[in-house]
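Trainee: Residue numbers (this note's numbering), protein chains in the order written: chain A, 1 to 286; chain S, 1 to 389; chain W, 1 to 332.
Do not take every clue at face value.
Label-pair restraints from in silico Cβ distances [as the list claims (entries may be wrong)]: (1) S:Ser329 with A:Leu257: 54 to 62 Å; (2) W:Phe36 with S:Gly267: 56 to 64 Å; (3) A:Leu257 with S:Leu20: 18 to 26 Å.
None of these hints come from the bench; they were simulated from the model. Note that the coordinates shown come from a computational prediction; the quantities given were computed from them, not determined experimentally. We put the beta carbon where it would ideally sit given N, CA and C, even for glycine.
So you can see what is in the structure, the chains are spelled out below.
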Amino acid sequence: MDVFVLNILNGISFGALLFLLASGFSLIFGVMGILNVSHGALYMVGAYIGWTIAVKYDLNYWLAALAGGVVAGLISLAMERGFFRKLYKQFNEQLLLTFGFVYILNNLASWIWGPLYKAPFVAPFLAGSFSIMGRAYPTSRIAIIIIGLICVAVLWWLQDKTRVGAIVRAGMDDKEMTLGLGINLNLVYTAVFFLGSFMAGFAGVMGAQLLGVHPEISMEILLLALAVVIIGGVGSIQGALLGAMLIGIIDAFGKALFPEFAMFTIYLAMIVVLLIKPSGLLGRAV
Amino acid sequence: MEKRKSLAILGAVVLILALLAVPFITGCPAAQEEAIKLGCILDYTGPMASTGPMLQEGIELRLEEANYKVAGREIQVIFEDGASDTAISLDKAKKLVEMDKVDFVIGPPLSGPRMGMIPYLAEQKILTTSIHCDPPEAAQWGNAFVYPSTLEMASLPLAWYVVDELGYKTTTTVGADYVAGRTFVGSVVGELEKDGGTAVQQQWAPLGTMDWGPYLVNMQEADCVVVWTIDSDIVPFMQQYKEFGLTMPVLMPMGNVILQSMIEERGEIFEGVVGCIEYYWGLDTPANNSFVAAYEAKFGTKPEHHQAMAYATASMFLAGVEKTGGDTSFEPLKEAILGLDIETPSGPLSFEPNGIGISNWYICDVQMIDGQWGWHTLHTYEQAEPTGS
Amino acid sequence: MGTAKQKSSGFLWQGQLIRFAPHIIGGVIFILLVPFLPTYIQSLMTKILIFAIFAMSLDLLMGYAGVLSLGHAAYFGVAGYAVGILMVHYGINSFWISAPLAILLSTLVAAIFGIIVLQVRGIYCILVTFALGQLLYSIAMKWRSVTNGEYGLTGIIRPDLGLPHFTWHTTSFYYFVFIVFAICFFLLYRLVKSPLGLALQGIREGESRMSALGYNTWLYKYIAFVIAGMFAGVAGVLFAYHNGIMVPPNLDVATSGFVMLMIIAGGMGTLYGSLIGAAVLIIIQFYAGVLTPERWPLILGGAFVLTIMYARAGIGVYLYKLYKKALLAWKP
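Next up, chain A with everything else stripped away, as it sits in the complex (with noise of 0.2 Å):
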């Protein structure tokens, strides 16, 4: 009984971090129809600028969070104001501008960093681990699922309950009316793109308690982004906490009760879904 209360917490605190960093990608995808494939490496530049500020100046721990939030956001301003701008919809030119991002970004960062791989890192007094039915469970995954819990509860409000929400939802629904509405979309459209990569940076902090950092993560963090946006569908919070929710339930007793298979479980569970509903569990209809 204590393995099945643990598998499930490590379900979710892994859905948690997934929700995290694929929140803003849905957002991005489903709001501003940009792919940006290089939301993977924003949260790489997260993980790395909250490293430094944590682990190589040792200063607070949330100050380095925020700062890997804040520097994502940023650069990916910069990205769209430079570029996004003009390639709304225009999917191809996406792939190619933001993979160039990448492979620059992934440089970059081993061209600062090193080459080598940053151990996980965490808040001093997230360290150590509860007692949970007789067992130890890391302190840092229970303050993941606490982290996400809030971030789905903030977002969830600003996406259904705020004007700005408002704004954003109908823009997906009719752009033209929108604007014909006298709405300043373009400014909303700036803001959820910054909130959408500072989630991401955010959640490479966050996520460095668990998995650390190293220049290479950035492929591997969008494929899980793309999974949950496959499952859970793309455009809203409730699609990426559902589609993060079910992988990581997937993954942890997949594994359990699967193990050969481990590496099969989140691809079979994509085809799937895309099977069943292909715009995603709760996507809109394509």
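Given the structure of chain A, go ahead and fit chains S and W onto it with the hints provided.
Mentor: Showing chains S and W alone in chain A's frame:
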């Protein structure tokens, strides 16, 4: 567009292409026929990017010590990026052989790309050596040295140690789900089973698994845990292992995946891990002490196994050429290297007739020594060869 | 008015020169010059032509039919592995047996995957094709008895053409690949100019419109998908022979992504764009790597960014427009 401009563009295009083509047609400069050319294909980009600079340091250190000269001839070394990719490594091998006319190829570190280029190099009659273990099949084309030895040898000594010294009977394993992982873990389990023990559970994780939660939570009780995966995955594993409060002794075939710098930085999570390693800086031999001193003098830190093994491959090459008196042609150099018995930082090195290396293997555990975390030798298997092979 | 010469072609002789410049230059580089180049360059050019075939197959799907795919390496890799398995495990060395079988297999896989992929539209195709490609990659990694896992299937030698006294050299293999490339180019050229090709472009531009006109858009896209898989298989077969080894990454998203970048950078919806894209990416990857083994990805990434900034439709398209403008200068 004006007529003149259009002709100018045409002219420019033709001129540029011609300028580019000419050097290739006239052939590459046959510079310094006297010089011996050493080609090294290392990984500076891709998943193995961290190894490139370290391997280069090791090779260059050895060549510097020899003043870039051997048997009266100059040595030129050329480094290329294999990008951890089989096709790109092969392209670079072709360039090294056909344009730079190298006499010997060191690397790349990964076995996949090596298996891709060894047949080509054999066709071109070029000798080559691995830097870290290769599968024994690499020797079948007759031009490859399997250094320091085969993949099995990187884990068998740990298996022997478990059976002979530790006496563990049961184990639960966690391995990276690909050939290397299965080989390393499999050889330990195999020896254990021969001795009447069992693996109560075997878990396999895809490469790139960073969240080990599911595996750790589901881990069953046994005398020990045998775990192996790549360096970027093993550190989260050990950290999470401690976080989940697990206390079974951890054994690691091919323990060098845990870099020295990582042990120094986070030694507490590796404390007590017993590993089979090919090298660490604390090995107390004259050859190693002088190597470590030279490395520290130049770079200011202790060397990893990457630098030491690369250093040894350069030593192997130089010793071979010394022996042939400067002759780098295929048969004489091959004979010379096969007949070597030299001291390297990781211990004595010699070869079986088929090119497979015979080296020392060390069983070590991680301990705090003089205020610093590091490997500490428990047992040395000298000049080990796979039993029954 | 004008002389007879002007009337017949509409251009002065300088114009004729410009008109045929690409063909002449291409012919010189790819046909005449090759035997005089060092063998490693010939090998590189062989690789460019192989990837050009691969890229053209993807362009048919993405550039003409408008179906996005991030898993095209699946068909490429399946064919390559098929050739390798037939040779290494079954000793079948004959080109005339292995190649058709391998291409048949890749076409079959495309036929199956196509049904799954075409359930969705637009950007979701990227997600589905990605998942399917990664699934095959995982199979290649795990099915060690057949594929030898990550060490790769080694020992793939140049095939037996059944010609007496014929042995392969780098140069003869290059011309072999060139001939296959020329055939593929010709076939695809006819295809895109045919009613099928035009229909595909119509679907890319506006599927609902085509549907309203009575076209079975699903069927057209499916045919494109299967044909694309077939040509990718051709490239895969040649690649296996060229490289001598097949490894699981030949099936994964990195390879699929790389060839997608080739067609985007070269110019989508044009066959020549695939050749140019393949050439540009492979050349930069190689020579930037020689120049700076550690920092060359910066150069490649920078090239992509520059392409988007200055030649958004692709380098091939940019050059084509330049060519057209230069030609117009000579129109009387």
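Trainee: Now look at each hint and say whether the structure bears it out.
Mentor: Hint-by-hint comparison with the structure:
Under the hint 54 to 62 Å, the C-beta atoms of serine 329 (chain S) and leucine 257 (chain A), about 59 Å apart, fit the expected range. The hinted window of 56 to 64 Å between phenylalanine 36 (chain W) and glycine 267 (chain S) holds, with their beta carbons roughly 60 Å apart. Between leucine 257 (chain A) and leucine 20 (chain S) the beta carbons are some 59 Å apart, a value that contradicts the proposed interval 18 to 26 Å.
Checked against the numbered hints given earlier, this structure breaks only hint 3.
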